Amino acid sequence: MARTLINAPSAARRGEVIEIRATIGHPMETGFRAGEDGKVLPRNIIQTFSCRYNGELVFSAELFSAVSANPYIAFHTVATESGTLVLSWEGDNGFSQAESIQLAVTA
Amino acid sequence: MTQPMHPPALPRRRHILAGATGLAMGVLLRPASAAAGDLAVAVATYTRGAPVRAGKVKLDIAELVDNGNVVPITVTVDSPMTAADHVKSIAVFNEKNPQRDVARFTLGPRAGKASVSTRIRLATSQQLVAVAQMSDGSYWSHTVNVIVTLAACIEGEP
Amino acid sequence: MRRILALLLVCLMGTAGAQNPPPKDSRRSGFEDMGAATQAMQKDDALNPGMLWVQDGEALWKQPAGASGKACISCHAAAQSSMRGVAARYPAFDTGLGRPITLGQRINQCRLQHQQAALLRPESQELLGLEAYVALQSRGLPLAPSNDARLEPFRQRGQQLFAQRIGQLNLSCAQCHDGLPGKRLAGNVIPEAHPTGYPVYRLEWQAMGSLQRRMRGCMSGVRAEPFAYGAQELVELELYLKTRAKGMAMEAPGVRP
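Chains as they are written, first to last, in numbering that gives the first Met the number 0: chain A, 0 to 106; chain B, 0 to 157; chain C, 0 to 256.
Keep in mind the hints are simulated off the structure, nothing from the lab. Since the structure is predicted, the reported quantities are computational estimates derived from the model, not experimental observations. Among the hints, erroneous ones may be present.
The list that follows gives simulated cross-link-like pairs (lysine to any residue, SDA-like), each with its CA atoms no further than 20 angstroms apart [as the list claims (entries may be wrong)]:
| # | chain 1 | residue 1 | chain 2 | residue 2 |
| --- | --- | --- | --- | --- |
| 1 | C | Lys23 | C | Asp177 |
| 2 | B | Lys112 | A | Glu18 |
| 3 | C | Lys182 | B | Thr148 |
Footprint (simulated), chain B over chain A, 3 or more residues, beta carbon under 8 angstroms [to be verified]:
| # | region |
| --- | --- |
| 4 | 59-67 |
| 5 | 74-88 |
Ideal Cβ placement from N, Cα and C applies to all residues, glycine included.
Kindly generate the complete structure, drawing on both the sequences and the hints.
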């Protein structure tokens, strides 16, 4: 399980635009770098990130080797109703991780 | 009737060598304008040939970065983000990294605000372009020149 | 005559100074030499990648380790209180070993002696996590290196090491960090080299690292054979650097280019 750092409000008013900031620990090995033996190190990156809000996809990102290690993504979403936001990361070598955050939405 | 002129077949080994050298030379001698051309091709592929206008998009990045390995960027697009008028996606491209693509973000009216941030790697001083695809099919962009210097000291493995 | 007047002026200014607040500390943390975006990364815990390691440390603090089955928390309780100010005064003199040790070495000593657990490798995720978590408990506090008299000969050796030319480039730490701070080496601003932010998330590494890793990097940079992790010389250098930075606010976990 990779380490994650997720920052998001736990509560918001309906219609409010909230910001979610997420960092995940991952080397993001580019596939362009040579190791000590001179051979190119195989690519190992997170390729996709998505946010599903009560099951509905509200944001996604496609990442390439140019994204720094321990990738950080900040995005916005409208607080529509109380529920769960599931942040998922997928990548090379079958990497797959999901973290859930709760959001309480008041009128 | 004249015979078609064929060049004499090269011995296989020399042929491969010539091909390999040609490839290496091609990479080394590729002029800077070719890299910028690649960037234009990458953007055109993303927009499927649709015209891209400068404006509406702001690619926020330091002019002189502290370190090319971790460069914070924020892309903001001027859009009401309603169902009728919103940003569908944002793509960021670079000029001189080994690969043109940096990241692509898919938004939509549920985003509320068209503003995304991440941290990227820049191999050297170069141009960076952020392109936004709007719900009406139009494309807008912002191009920035960034100065990247290599770290002063070369370290071994930790 | 001019000399006497100048001396008189200095004396008068000195007297006036006694009424005024002390001169502002002119020392600069490496933080001040960074661009705004990098500074923002350090200031906001939600943006600081070092917090990934702090999280690790927080979890490890409560995790039983070794044959003892004890966790750090078993003896030290909540780190927020027991570890407050600790990182700010390290390296400390270890009576058993008869020499100063770093915070990282102290953590490993605890693991060995009190937890009967395996030593954590230098620069390992676990050791950096614990160091970062403990150092966080001193954030904002002034660096207060121990004034234990037994540390004095080690401190002096550290100062000598700092001033000693090394490597193929034949440069000493002092030449750049005392002599040329604020100027540039290639594209980078030369900092005064105050260890206020360690362990630090260094953008060049795209990872967390200790002061020892940073110093070894500098040594490689001047084409000198770096001291090994845990070497006496690195501890003495750290002791000197912390004394040189005494009073400056701790920033761990810091972010640096």
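Original post:
Keeping to a limit of 20 angstroms between CA atoms, is the pair of C/Lys182 and B/Thr148 held or broken?
Top reply: 15 angstroms, holds
**OP:** Between the region 74-88 of chain A and chain B, see if three or more residues pass the 8 angstroms beta-carbon test, and mark the coverage as holds or violated.
**Re:** holds (count 5)
Original post:
If you draw a straight line from the CA of B/Lys112 to the CA of A/Glu18, is it 20 angstroms or shorter?
Top reply: Cα-Cα ~9 angstroms, so holds.
Original post:
Is the Cα-Cα distance between C/Lys23 and C/Asp177 20 angstroms or less?
Top reply: Measuring from Cα to Cα gives roughly 18 angstroms; hence the hint holds.
Original post:
the region 59-67 of chain A covered by chain B? Criterion: 3 or more residues, Cβ-Cβ distance below 8 angstroms.
Top reply: Answer holds; 9 residues pass the 8 angstroms Cβ test.
Comparing the model with each numbered hint stated earlier shows that all of them hold.
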